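Top line first, the protein sequences correspond to chains A and B.
Using my numbering, read the first sequence as starting at 46 and increasing by one per residue.
Using my numbering, read the second sequence as starting at 46 and increasing by one per residue.
Some clues are possibly wrong.
If chains are identical, the list can't say which one is meant, so a pair holds when it fits in one copy or spans any two.
Computed cross-link-like contacts, EDC-like style, restricted to lysine to aspartate or glutamate with a CA-CA straight-line distance of at most 20 Å [what the hints assert, rightly or not]: (1) 323 with 272; (2) 323 with 307; (3) 213 with 149; (4) 213 with 353; (5) 323 with 271; (6) 235 with 271; (7) 323 with 386; (8) 235 with 159; (9) 213 with 111; (10) 323 with 387; (11) 323 with 98; (12) 323 with 304; (13) 213 with 308.
In short, the hints are calculated from the structure, not lab data.
Given the structure is predicted, the values throughout are model-derived calculations rather than measurements.
2 protein chains.
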Amino acid sequence: MAISEPTSIDRPGREPLFLRACRGEDLEATPIWIMRQAGRYLPEYRRVRETVDFLTLCKTPELATEVTLQPIRRFGFDAAILFSDILIPVEAMGVEVRFNPAPEIANPVRGEAEVHALARPDPVQEMPFVLETVRMLRRELPEHVALIGFAGAPFTMAAYMVEGHGSKDFARTKSLMYREPLVFHALLEKLSLVVSDYLEAQIEAGVQAVQLFDTWSGLLSPRDYEEYVLPHVRRILERVSRAGTPSILYGNGTGGLLELMDEAGPDVLSLDWRVGMKDVRLRLGDRRPLQGNLDPGVLAAPASVIREQALQILHDAGLRSPHIFNLGHGITPGSPIEGVEELVRTVHEESRRLRGDGSS
Amino acid sequence: MAISEPTSIDRPGREPLFLRACRGEDLEATPIWIMRQAGRYLPEYRRVRETVDFLTLCKTPELATEVTLQPIRRFGFDAAILFSDILIPVEAMGVEVRFNPAPEIANPVRGEAEVHALARPDPVQEMPFVLETVRMLRRELPEHVALIGFAGAPFTMAAYMVEGHGSKDFARTKSLMYREPLVFHALLEKLSLVVSDYLEAQIEAGVQAVQLFDTWSGLLSPRDYEEYVLPHVRRILERVSRAGTPSILYGNGTGGLLELMDEAGPDVLSLDWRVGMKDVRLRLGDRRPLQGNLDPGVLAAPASVIREQALQILHDAGLRSPHIFNLGHGITPGSPIEGVEELVRTVHEESRRLRGDGSS
Chain A
46 MAISEPTSID RPGREPLFLR ACRGEDLEAT PIWIMRQAGR YLPEYRRVRE TVDFLTLCKT
106 PELATEVTLQ PIRRFGFDAA ILFSDILIPV EAMGVEVRFN PAPEIANPVR GEAEVHALAR
166 PDPVQEMPFV LETVRMLRRE LPEHVALIGF AGAPFTMAAY MVEGHGSKDF ARTKSLMYRE
226 PLVFHALLEK LSLVVSDYLE AQIEAGVQAV QLFDTWSGLL SPRDYEEYVL PHVRRILERV
286 SRAGTPSILY GNGTGGLLEL MDEAGPDVLS LDWRVGMKDV RLRLGDRRPL QGNLDPGVLA
346 APASVIREQA LQILHDAGLR SPHIFNLGHG ITPGSPIEGV EELVRTVHEE SRRLRGDGSS
Chain B
46 MAISEPTSID RPGREPLFLR ACRGEDLEAT PIWIMRQAGR YLPEYRRVRE TVDFLTLCKT
106 PELATEVTLQ PIRRFGFDAA ILFSDILIPV EAMGVEVRFN PAPEIANPVR GEAEVHALAR
166 PDPVQEMPFV LETVRMLRRE LPEHVALIGF AGAPFTMAAY MVEGHGSKDF ARTKSLMYRE
226 PLVFHALLEK LSLVVSDYLE AQIEAGVQAV QLFDTWSGLL SPRDYEEYVL PHVRRILERV
286 SRAGTPSILY GNGTGGLLEL MDEAGPDVLS LDWRVGMKDV RLRLGDRRPL QGNLDPGVLA
346 APASVIREQA LQILHDAGLR SPHIFNLGHG ITPGSPIEGV EELVRTVHEE SRRLRGDGSS
């Protein structure tokens with residue numbers, strides 16, 4: 046299936062709108078993409094998944110490319126995000142990962158010996174399928190649609206590796222952190238090297254921006270975030286920055302951590318839906334590129350509610366401030382297609398109207 | 046078993062330290078209690094639970110009194126909280142509640158008809174066991190230990206009633222909220238009447254302060270909180286305030302909602318652990334009585350970490366500002382007794398030292 050005509054509002058011949066937003070430029074409209082946009086809420090994605098399991102999908106460049114493109118074709122998002130999973134590099138480090146369907150780790154990391162045994166994989170050797178997917182995507186994607194690479198942030202990956210699965214309170218992770226802080230730091234340091242290598246390889250293969258997903262760091266107090274997480278995130282973002290590529294830092298439940306996340310040095314800070322854009326502008330300043338932050342639950346609401354809430358976010362983000370529209374968390378599998386259509390239409394039309402540039 | 050000699054640092058003959066903290070008075074020390082302090086981490090609690098199921102325990106005043114007193118005897122907390130469950134009034138409204146062990150609701154509330162069918166129970170008639178427990182506790186508790194009553198806040202109770210159980214994203218609740226806002230408001234209005242009646246009855250029976258648990262409201266965006274939740278919480282807190290009793294408002298994951306929760310008018314705002322006390326002081330002012338906010342996960346840490354983190358919270362809360370020490374969320378079942386002992390000792394000794402009053 047060929048990619049449809051660009052429905053994005055961006056003008057040809059310029060750098061993609063999304064990338065200019067990452068750089069904090071004044072824009073004629075607000076770009077939009079949504080986390081987990083290639084996923085189970087799409088019938089065309091479910092059809093692909095009927096034929097292969099999740100890990101095979103991640104590891105087959107043709108299929109990963111296809112599902113990455115699906116939401117671009119359907120909705121005209123301004124950015125595509127590489128289809129993969131944050132645990133792919135964990136597997137490459139020598140940890141056995143399964144999806145049933147939630148991720149499970151057969152040999153969790155619990156102490157010093159396991160941390161030392163973890164490999165620092167060469168992405169070109171160990172995760173060639175990811176880089177091949179990136180190259181295929183750059184060939185397939187229209188010029189105005191940016192390609193985002195990604196990785197899990199060290200704490201979020203460590204939490205999976207220590208618990209062996211998702212958790213409500215991450216008691217084991219915190220226990221290791223408090224009881225063996227040196228081992229914990231060694232684990233996060235190793236992960237930050239692996240993630241940096243991995244993101245650099247993605248950048249070399251062609252991604253134009255990267256997002257670091259630190260979904261679970263919102264379970265930490267600000268003081269623990271500052272001590273155990275921030276230095277490792279900063280190191281990764283510095284390496285991405287040296288590659289000249291914009292970075293986005295995302296966390297969930299991080300309303301109390303935003304200043305610290307800001308200190309880590311991402312180009313764009315990605316917000317969950319539980320903070321007000323206006324408050325965040327007051328805290329971090331008008332020129333800070335922000336991404337977000339609609340409650341994913343709103344996609345199931347009537348069109349009038351979607352419009353109203355999207356408009357308020359556009360207003361609160363500031364009409365002259367750098368903003369990338371997104372959800373505050375990944376789209377849920379039950380979300381209706383029409384809700385996404387309404388959202389994309391509203392953001393594209395209204396942001397162009399509000400930013401006062403009807404010329405394109 | 047008789048209650049042990051007071052180990053609290055409060056002086057006899059005065060209003061309990063905890064209540065003076067709620068009123069924002071200058072204190073000689075920082076009072077402490079912890080959410081879910083009567084619970085499964087205590088061997089003496091587990092022994093009681095071996096003989097009865099959870100609902101029977103809630104409904105048997107002698108047993109509910111006994112488990113309420115257990116942590117007071119053991120640790121010398123400055124306040125006891127009535128042992129009960131936030132779904133007790135839900136059951137009295139005509140909704141079937143089971144615990145397996147997580148709460149489950151057999152006939153969830155999904156639309157207008159179910160909302161209209163909900164009763165507004167008379168607490169004296171329908172929940173006499175709660176009021177009897179309160180009266181027994183007031184007889185048993187030493188004068189320096191305050192008794193806290195509580196209820197679930199309307200949104201949190203509604204979320205259980207609509208979903209039928211806990212949930213990750215509360216999709217059904219949000220769907221009802223967005224699709225049938227009038228029905229949703231009718232549900233929350235009914236709940237706010239029921240909760241107000243219930244708290245007034247507890248106050249009449251003898252509780253000296255009340256805490257409103259709005260655990261799930263942290264899953265809402267500030268704008269939805271303001272529109273759908275705030276008016277109902279405010280109405281309840283106004284009725285409590287008219288009874289002359291201090292109120293505490295607790296939410297989890299509410300780092301982005303604190304100003305709005307403050308507007309709802311509680312005497313004390315109870316924080317989760319994912320916001321910094323110092324930041325909250327900047328946002329809400331030095332004289333705002335705050336409760337919190339140690340990460341429950343820290344109780345499993347070595348004594349030195351517990352001490353260090355407790356001390357930092359005491360400092361950040363402000364040595365001359367009203368503060369009640371608590372965890373940022375309920376204590377988890379696996380928490381070690383020694384961790385709690387270390388915490389209570391640190392808070393009592395260090396706060397007295399830091400507040401500069403060694404006279405008692």
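Index of numbered hints that the structure contradicts, given in increasing order: Structure breaks hints 4, 7, 9, 10, 11, 13.
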